[in-house]
Amino acid sequence: MNITQQVINGLILGSGYALIAIGWTVLLGAARLVNFAHGQLYMLAAFVAWAAMDRLGVSYFIAVPIAVVVLGLVGVLLQIMMLRPVMQQNLTSLMIVTLGFGYVFQGGAARIFGGNPESFKSPLQSAEIRFGDIWFTWQDVVTLAGTLVLFAALWLVVNRTRLGALVRAVAEDPRLAQLFGIDAARIYIGVFVFECAAVALGAGLVAPRSPILASMGFDEVILTFVVVVLGGIGSVGGSLLAGFGLGMFTALFGALVSPAYTTAAAFALLVAVLVMRPRGLGAR
Amino acid sequence: MRNFATPAAFLLAALAYFVPAVSGGAPVIYAACTTIALLAVMSYGADLILSYLGEVSLGHTIFWATGGYAASLLAVNAGWNGWQTAAAAVAVSVVLAAALGLATLRTREFVFSLVTYAAAVVAMEVAFNWSFLGGSDGVVGVPPLQLTLFGVGITGSSNADLWPVAWGLLMLTLLFIHRFRRSRLGTSALMVQMNPDLAQALGVDQRAVRFLVFVASAPISALAGWLYAYQRAYVGPDMFESYFLVLMLTAIVIVGRRLLLGPLIGTALIIVQQTFFSIGGDGDKIVLGAVLAGILLLWPKGLIGVWDALAVRRRSSRPRPSAQIPS
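Protein sequence lines, in the order shown, are assigned to chains A and B. So the first sequence is numbered by numbering that gives the first Met the number 0: it starts at 0 and just counts up by one. So the second sequence is numbered by numbering that gives the first Met the number 0: it starts at 0 and just counts up by one.
Read the hints as simulated data drawn from the structure, not as lab findings. Fair warning: this is a prediction, and the values are worked out from it, not measured in the lab. Treat the hints with care, as some may be off.
Incomplete in silico selection of chain A near chain B, CB under 8 Å [stated by the list, open to error]: (1) V33; (2) F60; (3) L90; (4) T91; (5) S92; (6) Q105; (7) A109; (8) R110; (9) F193; (10) A259; (11) Y260; (12) F266; (13) V270.
Residues from chain A that face chain B, not an exhaustive set, calculated with beta carbons under 7 Å [as the list claims (entries may be wrong)]: (14) M94; (15) I95; (16) V96; (17) Y102; (18) G131; (19) W134; (20) I221; (21) T262; (22) L268; (23) L269; (24) L273; (25) V274.
Quick look at which bits of chain B chain A covers, simulated, 3 or more residues with Cβ under 8 Å [said to hold, decoys possible]: (26) 104-111; (27) 203-210; (28) 242-256; (29) 290-299.
For each residue, glycine too, the CB sits at the ideal point set by N, CA and C.
Please model the complete structure; the sequences and the hints are all you need to start from.
As structure tokens, then:
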């Protein structure tokens, strides 16, 4: 039992959780929209990148940007379709609508890409780094670095730019923001595109760890639920902390207690926190 | 016209009993009708939450699976008959719903949905890993349903045998929903959803209402799962699959919320498509998901909203002798 190795695993896992969760948490914060198709968007991005490599023959470093762009376009389409209930803030309907979209993606991806597991390979995955009996891959390093860079950039945009101020204004009160001449519909579309693009980047960096499957959808990203809620709705810094915290928890729980019940334990933790703080840890 | 709506709905549902016999009595017809009835009952459980509390429960697959596991485990391991397993399914689901209801007492909107979803994930993981519940293999070899009283009743496992049970369960569920809508709890739930401030002012205990409605909804889905175990003679972690969740929600919204026959007609439409007009498993997923999203985006009130819009147009094109208060 090597604790240092587990801590490193936790950091790597955690950066992946945070990266996959960030689009979701921004969307939830700005549009109060829970996107239950998040997992299927992750799956779709992984398959788009895989298809670009496998069918078009491009390298991994081109395939991931392709997936980000394609998913961004998917985001525009989805948000245009959902614009009416989003503007009305009809949140119950929206949750169910996104569940429906997710189901369409799952069936559609199985039709287009086939129902078999595929291996989406990154050349960095096989480049190992060893220090004594501790090891990790260059893919892990890139994931960790990419997560930190993205979070820093996002934090700056949200808190230090006019665009960020617009997003925060719409999040606070969409109607009032519109009175001040802010085009809330465009902000919502922009936020949704960011969600889709960010989850595509997450899939590009994290999905090569394991085989990809059209039906993986929610199971793959289910733990990011915990990150989104524990980090505090819409909080960038909170998500990063929650992501690393969850990564540590799953790595240590999996190694010390029981790997089979790791997800259950993380969710039990979430439920326990929500019973005490119904709006999440980050809420004031 | 409203006065005839409820008796007409019950008459229609009662006449549905003869549908399989009239349409030829082929096994595939009995299978489809039994499946429609029991999945409709499952949907009515979630309908209670969505239509009357206005919340989206993503955890009703737990109660559906609870019913299935209670029936199969007790019938296989303890040899219990249908009445006993049904009672156990109701009891276990009420206990689980009370626990989950307490945990979600203060949560609203998406937090409520997230927590119920999280609970379903935990439950699935437990079912998948715990050998007591059969683990990933599930429970196989569920014996035929024995549902007799004083020597008369039903023993069987074919869909033709199970159809009267499924139909009877459906009728009981409809009666329950009808009574619920007129009960103090049902009207309080609607008030809490539509106008929480008014409910507060009238002294309605909102948390108690939400808790009671949640607990009352669980045995409905559980009894559907109970019958499903006998229909399939097998129960496994696949009862937690998102198929059932998406099906419940689609069945509720397709025709329109707060309509007595809504979930039944919705389920019937879905299962008829999947049984007789299937375009492959993945194609059916696309259809189901697209219907769910499309209905809510195009006609948020469901198909009944389209009907109402047409009716309004027809009425307004006719000359009216006196002014009416628009409803």
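Here's how the hints hold up against the structure:
1. Checking V33 of chain A against chain B by beta carbon gives a least distance of about 4 Å; that is within 8 Å, so the hint holds.
2. Evaluation of the F60 of chain A hint against chain B yields a violated restraint, the C-beta minimum of about 31 Å exceeding 8 Å.
3. Here the hint on L90 of chain A is kept, as its CB sits about 6 Å from the closest CB of chain B, short of 8 Å.
4. The beta carbon of T91 of chain A comes within 6 Å of a beta carbon in chain B, closer than 8 Å, and the hint placing it at the interface holds.
5. For S92 of chain A, the interface hint holds, the least distance from its beta-carbon to any beta-carbon of chain B being 5 Å, beneath 8 Å.
6. The beta carbon of Q105 of chain A is positioned within 8 Å of a beta carbon in chain B (closest approach about 6 Å), and the interface hint is therefore held.
7. A hinted interface residue such as A109 of chain A counts as satisfied when its beta carbon comes closer than 8 Å to some beta carbon of chain B; here the least separation is about 4 Å, so the hint holds.
8. Hint on R110 of chain A holds. Least Cβ distance to chain B is approximately 5 Å, under the 8 Å limit.
9. The interface hint given for F193 of chain A is violated, since its Cβ lies 19 Å from the closest Cβ of chain B, which is over the 8 Å cut-off.
10. With 8 Å as the threshold, the beta carbon of A259 of chain A comes within range of chain B, its nearest partner Cβ sitting at about 5 Å, so the hint holds.
11. Among the interface hints, the one on Y260 of chain A holds; its C-beta lies about 6 Å from the nearest C-beta in chain B, closer than the 8 Å criterion.
12. Taking 8 Å as the C-beta cut-off, the interface hint given for F266 of chain A holds, the closest approach to chain B being about 4 Å.
13. For V270 of chain A, the interface hint holds, the least distance from its beta-carbon to any beta-carbon of chain B being 6 Å, beneath 8 Å.
14. Evaluation of the M94 of chain A hint against chain B yields a held restraint, the C-beta minimum of about 5 Å falling below 7 Å.
15. Against a cut-off of 7 Å between C-beta atoms, the interface hint on I95 of chain A holds, since the closest Cβ of chain B lies about 5 Å away.
16. Among the interface hints, the one on V96 of chain A holds; its C-beta lies about 5 Å from the nearest C-beta in chain B, closer than the 7 Å criterion.
17. A distance limit of 7 Å between C-beta atoms decides the matter here; for Y102 of chain A the minimum to chain B is near 3 Å, and the interface restraint holds.
18. About 34 Å separates the beta-carbon of G131 of chain A from the nearest beta-carbon of chain B, more than 7 Å, and the hint is not met.
19. Proximity of W134 of chain A to chain B is violated relative to the hint, the smallest CB-CB distance being about 29 Å (cut-off 7 Å).
20. Restraint check, I221 of chain A versus chain B: the minimum CB separation of about 6 Å is within 7 Å; hint holds.
21. For T262 of chain A, the interface hint holds, the least distance from its beta-carbon to any beta-carbon of chain B being 6 Å, beneath 7 Å.
22. The interface hint given for L268 of chain A is broken, as the beta carbon of that residue sits about 10 Å from the closest beta carbon of chain B, more than 7 Å.
23. At its closest, the beta carbon of L269 of chain A sits 6 Å from a beta carbon of chain B; the interface hint therefore holds under the 7 Å criterion.
24. For L273 of chain A, the interface hint holds, the least distance from its beta-carbon to any beta-carbon of chain B being 6 Å, beneath 7 Å.
25. The interface hint given for V274 of chain A is met, as the beta carbon of that residue sits about 5 Å from the closest beta carbon of chain B, less than 7 Å.
26. Coverage of the region 104-111 of chain B by chain A holds in this model, with 6 residues showing a Cβ closer than 8 Å to a Cβ of that chain against a need of three.
27. By the rule of at least three residues with a Cβ nearer than 8 Å to a Cβ of chain A, the coverage given for the region 203-210 of chain B is violated, with 0 such residues.
28. Restraint check on the region 242-256 of chain B versus chain A: 5 residues with Cβ-Cβ distances below 8 Å, three needed, restraint holds.
29. For the region 290-299 of chain B, the proposed coverage by chain A is satisfied: 7 residues have a C-beta within less than 8 Å of a C-beta in that chain, meeting the threshold of three.
The structure does not agree with the numbered hints 2, 9, 18, 19, 22 and 27 stated previously, though it agrees with the rest.
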